[in-house]
Amino acid sequence: MKIDCQIDTEKKVKVFYVDGELDVHHVKSLKSEIMDSIESTGWTYELNMDKVAYLDSSGLGMLVYLKKEITRHNGKLRIVKLNEPVLNVFKLTKLDDFFELG
Amino acid sequence: MKIDCQIDTEKKVKVFYVDGELDVHHVKSLKSEIMDSIESTGWTYELNMDKVAYLDSSGLGMLVYLKKEITRHNGKLRIVKLNEPVLNVFKLTKLDDFFELG
Amino acid sequence: MHARIKQLIEELPPDATHMKMHVQGSPETLALIRRVIAACVQHLDLSAALLNDIKLATTEACTNVIKHAYKFDDSMSFDLKITTSEEVFVVEVFYNDPGFIPANIPVPNLNEIKEGGLGVFIIKNIMDHVDYITDGESGRVRLQMVKILKLQDNSGGQSEDRLPD
Amino acid sequence: MHARIKQLIEELPPDATHMKMHVQGSPETLALIRRVIAACVQHLDLSAALLNDIKLATTEACTNVIKHAYKFDDSMSFDLKITTSEEVFVVEVFYNDPGFIPANIPVPNLNEIKEGGLGVFIIKNIMDHVDYITDGESGRVRLQMVKILKLQDNSGGQSEDRLPD
Ligand SMILES: Nc1ncnc2c1ncn2[C@@H]1O[C@H](COP(=O)(O)OP(=O)(O)O)[C@@H](O)[C@H]1O
Ligand SMILES: Nc1ncnc2c1ncn2[C@@H]1O[C@H](COP(=O)(O)OP(=O)(O)O)[C@@H](O)[C@H]1O
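Protein chains in written order, with my numbering: chain R, 1 to 102; chain E, 1001 to 1102; chain W, 2001 to 2165; chain H, 3001 to 3165.
Hints listed in this document are in silico derivations from the structure and should not be mistaken for laboratory results.
For clarity, every value in this text was computed on a predicted model and none was experimentally measured.
Be aware that one or more of the hints could be misleading.
What the hints assert, rightly or not - Computed Cβ-Cβ distance ranges for the label pairs, DEER-style:
hint: 1; chain 1: R; residue 1: Glu69; chain 2: W; residue 2: Leu2110; range: 14 to 24 Å
hint: 2; chain 1: H; residue 1: Gly3117; chain 2: W; residue 2: Ser2138; range: 46 to 56 Å
hint: 3; chain 1: R; residue 1: Asn83; chain 2: W; residue 2: His2002; range: 26 to 36 Å
As the list claims (entries may be wrong) - Only part of the chain E face toward chain H is listed, based on derived beta-carbon distances under 8 Å:
hint: 4; residue: Phe1016
hint: 5; residue: Val1024
hint: 6; residue: His1025
hint: 7; residue: Gly1102
As the list claims (entries may be wrong) - With a Cα cut of at most 20 Å, we get these calculated SDA-like pairs of lysine to any residue:
hint: 8; chain 1: W; residue 1: Lys2020; chain 2: H; residue 2: Gly3116
hint: 9; chain 1: E; residue 1: Lys1068; chain 2: H; residue 2: Gly3116
hint: 10; chain 1: E; residue 1: Lys1051; chain 2: H; residue 2: Asn3109
hint: 11; chain 1: R; residue 1: Lys12; chain 2: R; residue 2: Val86
hint: 12; chain 1: W; residue 1: Lys2067; chain 2: R; residue 2: His25
hint: 13; chain 1: W; residue 1: Lys2114; chain 2: R; residue 2: Asp97
hint: 14; chain 1: H; residue 1: Lys3020; chain 2: W; residue 2: Thr2017
hint: 15; chain 1: R; residue 1: Lys94; chain 2: W; residue 2: Lys2020
hint: 16; chain 1: H; residue 1: Lys3124; chain 2: H; residue 2: Thr3063
hint: 17; chain 1: R; residue 1: Lys14; chain 2: R; residue 2: Lys28
hint: 18; chain 1: E; residue 1: Lys1028; chain 2: H; residue 2: Lys3081
hint: 19; chain 1: E; residue 1: Lys1051; chain 2: W; residue 2: His2043
hint: 20; chain 1: W; residue 1: Lys2124; chain 2: R; residue 2: Leu92
hint: 21; chain 1: R; residue 1: Lys91; chain 2: W; residue 2: Lys2124
hint: 22; chain 1: E; residue 1: Lys1068; chain 2: E; residue 2: Ser1040
hint: 23; chain 1: R; residue 1: Lys68; chain 2: W; residue 2: Gly2116
hint: 24; chain 1: W; residue 1: Lys2124; chain 2: W; residue 2: His2068
hint: 25; chain 1: H; residue 1: Lys3124; chain 2: E; residue 2: Asp1019
hint: 26; chain 1: H; residue 1: Lys3081; chain 2: W; residue 2: Thr2017
hint: 27; chain 1: W; residue 1: Lys2006; chain 2: W; residue 2: Asn2125
hint: 28; chain 1: H; residue 1: Lys3020; chain 2: W; residue 2: Lys2006
hint: 29; chain 1: E; residue 1: Lys1091; chain 2: H; residue 2: Asn3125
hint: 30; chain 1: H; residue 1: Lys3020; chain 2: W; residue 2: Lys2124
hint: 31; chain 1: R; residue 1: Lys68; chain 2: W; residue 2: His2068
hint: 32; chain 1: H; residue 1: Lys3114; chain 2: E; residue 2: Thr1009
hint: 33; chain 1: R; residue 1: Lys91; chain 2: W; residue 2: Asn2125
hint: 34; chain 1: R; residue 1: Lys31; chain 2: W; residue 2: Asn2125
hint: 35; chain 1: W; residue 1: Lys2081; chain 2: H; residue 2: Val3023
hint: 36; chain 1: W; residue 1: Lys2020; chain 2: H; residue 2: Lys3071
hint: 37; chain 1: E; residue 1: Lys1068; chain 2: H; residue 2: Ala3031
hint: 38; chain 1: W; residue 1: Lys2081; chain 2: W; residue 2: Ala2016
hint: 39; chain 1: E; residue 1: Lys1081; chain 2: E; residue 2: Glu1010
hint: 40; chain 1: H; residue 1: Lys3020; chain 2: W; residue 2: Asp2074
Every residue, glycine too, gets a C-beta built ideally from N, C-alpha and C.
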């Protein structure tokens, strides 16, 4: 799991470039990385999933948790560049509507 | 195992493009393909190994057999475009001198 | 079990691939298991979607063993048996879980967004047959999952059709 | 066994990969075994040469089981156990061969070009430790092969050094 972060303080956007397979083994590092960077209010958190070839229910559970936490801090979570197989897991579980996917 | 053959009747050269892994399972098809095409005399048989990523003692044994048969028919066997790991097997068994490698 | 699936499993062709794995019950093992699955089916040239589906269902099943049955105690281990032909992919997970009652696995309500409870739902959606066989005495569980790779009647091409229920 | 190798095997780190395979004794299985080996060591980022070496030695060993011990009877099966850490790759082949006497395996004369007889020579040249353990009573054979992947003392980089004899 490799996570790079780009911060735009003017626009209040943090972009996380995630590289790895999001199973139960790897969700923890992504979760804590983002949790540690949540600002008090009004930021947008973008997860770039271009390099994520695998995601399962452990990954989805972590994303649901993050979205709730971010919303609690008046922030927004955006998930972009989903690969086909990863997008399919969102669709299968009907979570494609819950998340803002791009 | 995929084998394509190009024949140059003027120069009396047959080039075999081998694609696959040369273990005991696959040597038979290559062996019979070449044996079936051996001409009575004076031809050169070139094995292009560019697409062979794996070769072991079963492959070497088959090549030794072919070289002996071809020589018996006054022909020549040339083995070209060997990949590093495949070339290493020839070196390890000191067969790099026995064969004409290119 | 659907009669067609039963037949596919019982009449495996002689060139079917059989393999058993004995692995440590630790989350690190999951990526290894996915790579081994890919190794087992590589020669079948499955579509990326189908390959991902069988990796996904198998990972969900093994995650549950590690998480629920073994509570992340990685001194525990479990077995995986993979059997595959061009027509069918069968994966079985063998593990210990004395108290486990498969009928008690809750069915998620997808309108209620929660952080968990989707693993078994995903497995059942992907696989054509899912069966937990428990042995009360030994506490041994055998989870059998079957995915049809290609319906034999379909002439050419990779089929991802589902069996009619 | 070299003391260093013994130590590496006995003191495997907790994140070592353990897996057992049960496969059919047929030539088709060999490519599968190579892919599974690659799957087991992928996270170690071995050099192409080193990866090929362990595939090669393992294939030679399994070819001998299929060819000599089982005489191409693919109703027979054998077991493979792969254990690997960053430092060491251990592969063991378990099979039946009641009459087998390891000491009788001939050493090839490389100056005399023949069509066979190089398999065990290749195995012994590649692996850092090779041992056939036979059980006369059951006819069970265990072939243990060990390859050092990285000498712990070497600081950076992938080492392909051989142990001093
Ligand atoms: N192998 C198992 N052993 C014991 N309990 C299990 C097992 N698999 C599933 N369960 C039970 O079923 C529930 C639902 O499992 P699942 O759908 O995978 O979601 P989650 O793991 O996120 O809870 C689990 O919370 C657990 O109580
Ligand atoms: N697993 C085995 N069981 C029985 N005999 C074996 C086994 N491995 C090797 N041998 C014997 O050792 C000889 C040399 O084996 P090897 O070096 O692999 O060359 P080849 O298989 O080409 O003969 C074989 O011919 C066979 O007699």
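Checked hints:
no.	hint	in the structure
1	Glu69/R with Leu2110/W: 14 to 24 Å	21 Å, holds
2	Gly3117/H with Ser2138/W: 46 to 56 Å	49 Å, holds
3	Asn83/R with His2002/W: 26 to 36 Å	32 Å, holds
4	Phe1016	19 Å, violated
5	Val1024	5 Å, holds
6	His1025	3 Å, holds
7	Gly1102	19 Å, violated
8	Lys2020/W with Gly3116/H	32 Å, violated
9	Lys1068/E with Gly3116/H	14 Å, holds
10	Lys1051/E with Asn3109/H	31 Å, violated
11	Lys12/R with Val86/R	27 Å, violated
12	Lys2067/W with His25/R	11 Å, holds
13	Lys2114/W with Asp97/R	14 Å, holds
14	Lys3020/H with Thr2017/W	15 Å, holds
15	Lys94/R with Lys2020/W	34 Å, violated
16	Lys3124/H with Thr3063/H	15 Å, holds
17	Lys14/R with Lys28/R	19 Å, holds
18	Lys1028/E with Lys3081/H	29 Å, violated
19	Lys1051/E with His2043/W	17 Å, holds
20	Lys2124/W with Leu92/R	11 Å, holds
21	Lys91/R with Lys2124/W	15 Å, holds
22	Lys1068/E with Ser1040/E	14 Å, holds
23	Lys68/R with Gly2116/W	13 Å, holds
24	Lys2124/W with His2068/W	18 Å, holds
25	Lys3124/H with Asp1019/E	28 Å, violated
26	Lys3081/H with Thr2017/W	17 Å, holds
27	Lys2006/W with Asn2125/W	19 Å, holds
28	Lys3020/H with Lys2006/W	27 Å, violated
29	Lys1091/E with Asn3125/H	12 Å, holds
30	Lys3020/H with Lys2124/W	28 Å, violated
31	Lys68/R with His2068/W	24 Å, violated
32	Lys3114/H with Thr1009/E	32 Å, violated
33	Lys91/R with Asn2125/W	12 Å, holds
34	Lys31/R with Asn2125/W	27 Å, violated
35	Lys2081/W with Val3023/H	11 Å, holds
36	Lys2020/W with Lys3071/H	23 Å, violated
37	Lys1068/E with Ala3031/H	28 Å, violated
38	Lys2081/W with Ala2016/W	13 Å, holds
39	Lys1081/E with Glu1010/E	23 Å, violated
40	Lys3020/H with Asp2074/W	17 Å, holds
In terms of the numbered hints stated before, the structure departs from hints 4, 7, 8, 10, 11, 15, 18, 25, 28, 30, 31, 32, 34, 36, 37, 39, listed from lowest to highest.
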